[in-house]
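Residue numbers (my numbering), protein chains in the order written: chain A, 1 to 126; chain B, 127 to 275.
Just so you know, these hints were derived from the structure itself, not from any lab. Virtual Cβ for every residue (Gly too), placed ideally from N, Cα, C. Each hint should be verified, as a subset may be incorrect.
If we take Cβ atoms under 8 Å as the criterion, some of the chain A residues that face chain B in the derived model are [said to hold, decoys possible]:
{"#": "1", "residue": "13"}
{"#": "2", "residue": "15"}
{"#": "3", "residue": "16"}
{"#": "4", "residue": "87"}
{"#": "5", "residue": "90"}
{"#": "6", "residue": "94"}
{"#": "7", "residue": "103"}
{"#": "8", "residue": "104"}
{"#": "9", "residue": "107"}
{"#": "10", "residue": "108"}
{"#": "11", "residue": "110"}
Some but not every residue of chain A turned toward chain B, in silico, with C-beta under 7 Å [stated by the list, open to error]:
{"#": "12", "residue": "10"}
{"#": "13", "residue": "12"}
{"#": "14", "residue": "57"}
{"#": "15", "residue": "60"}
{"#": "16", "residue": "93"}
{"#": "17", "residue": "100"}
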Amino acid sequence: MKRVLIVDDSAMARIIIRRCLEIAGGRDWEFVEAGDGEAALTILREGRVDMLVTDLNMPTLDGAALLRRVRASPKLANLSVVVVTSDSGTATSQRLAEYGASAVLLKPLSPPRVAEALAHMKGGRA
Amino acid sequence: MTTPIDPREVTAEAVIDALEQLMFLAGEWRPDAQREPEPKTLWASITMKGKAGFGHFAVVAPEPLARKMASGVLGVGPEAVSESQIFDTVRELVNTACGTLARHLGEEAGYSLGLPEAGYGAPPPKGAVMANEVLDVDGEQLVVLVEAV
Numbered sequence: 001m002k003r004v005l006i007v008d009d010s011a012m013a014r015i016i017i018r019r020c021l022e023i024a025g026g027r028d029w030e031f032v033e034a035g036d037g038e039a040a041l042t043i044l045r046e047g048r049v050d051m052l053v054t055d056l057n058m059p060t061l062d063g064a065a066l067l068r069r070v071r072a073s074p075k076l077a078n079l080s081v082v083v084v085t086s087d088s089g090t091a092t093s094q095r096l097a098e099y100g101a102s103a104v105l106l107k108p109l110s111p112p113r114v115a116e117a118l119a120h121m122k123g124g125r126a
Numbered sequence: 127m128t129t130p131i132d133p134r135e136v137t138a139e140a141v142i143d144a145l146e147q148l149m150f151l152a153g154e155w156r157p158d159a160q161r162e163p164e165p166k167t168l169w170a171s172i173t174m175k176g177k178a179g180f181g182h183f184a185v186v187a188p189e190p191l192a193r194k195m196a197s198g199v200l201g202v203g204p205e206a207v208s209e210s211q212i213f214d215t216v217r218e219l220v221n222t223a224c225g226t227l228a229r230h231l232g233e234e235a236g237y238s239l240g241l242p243e244a245g246y247g248a249p250p251p252k253g254a255v256m257a258n259e260v261l262d263v264d265g266e267q268l269v270v271l272v273e274a275v
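Could you build the full structure based on these sequences and the hints that come with them?
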């Protein structure tokens, strides 16, 4: 069973992300959640995670910093990382691509858009 | 030839889109509506930083409407929704709607967003009002404010 970690400081946003993932093909996936990047890193270090879906703007450790920490870790470097954001700026997209995001999803999320992004991912880095 | 963008309409449409996508609620822009006093409201706002300067995007909702929005996301009855879930919902609404608005304003505007804030009552004034729109959502008024600093 695929194990997916959803990271967002908003519990409501985590629900929305999870629902979209479930409808987009992940009905039998196992979901775990974290409220910020530091909590996510703890979960990533402690157990198996197949895909990380993280918000960009978060207090404590944001999605970009989390992505960089993941890519810098030998154990996690090849993990699929999807970044969710409201920020559609090219500079943000370029920065996330440079950091190694597998996909970037713009809010508002919808199951078809999530499904399309998942279909175009190449396992780890995009 | 492109059609000129009406900033008031684009602002309203950004929120209507977010309401539909996130909360499964239909909203309708009422450009000529007067704001009606509400006994208990909640607000959420987010900062937009772009090449043209700073702005603030906010929504103000009657508590029953905000509760209904959270209920729509959670898929539970309005009475089962907690206060923190209601605030979480209005913060997510401004975050999503403001992102949509920034996309409408164009890449060249270079807007990035801050972290959303929320509270009871009305948001503290931040600057010159650029849009002050009323949406009808299930018979209740949702107010959308855009201020430039």
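A quick look at each hint next to the structure:
no.: 1; hint: 13; in the structure: holds, 5 Å
no.: 2; hint: 15; in the structure: holds, 6 Å
no.: 3; hint: 16; in the structure: holds, 6 Å
no.: 4; hint: 87; in the structure: holds, 5 Å
no.: 5; hint: 90; in the structure: holds, 6 Å
no.: 6; hint: 94; in the structure: violated, 12 Å
no.: 7; hint: 103; in the structure: violated, 17 Å
no.: 8; hint: 104; in the structure: violated, 12 Å
no.: 9; hint: 107; in the structure: holds, 4 Å
no.: 10; hint: 108; in the structure: holds, 4 Å
no.: 11; hint: 110; in the structure: holds, 6 Å
no.: 12; hint: 10; in the structure: holds, 5 Å
no.: 13; hint: 12; in the structure: holds, 4 Å
no.: 14; hint: 57; in the structure: holds, 6 Å
no.: 15; hint: 60; in the structure: violated, 11 Å
no.: 16; hint: 93; in the structure: violated, 10 Å
no.: 17; hint: 100; in the structure: violated, 21 Å
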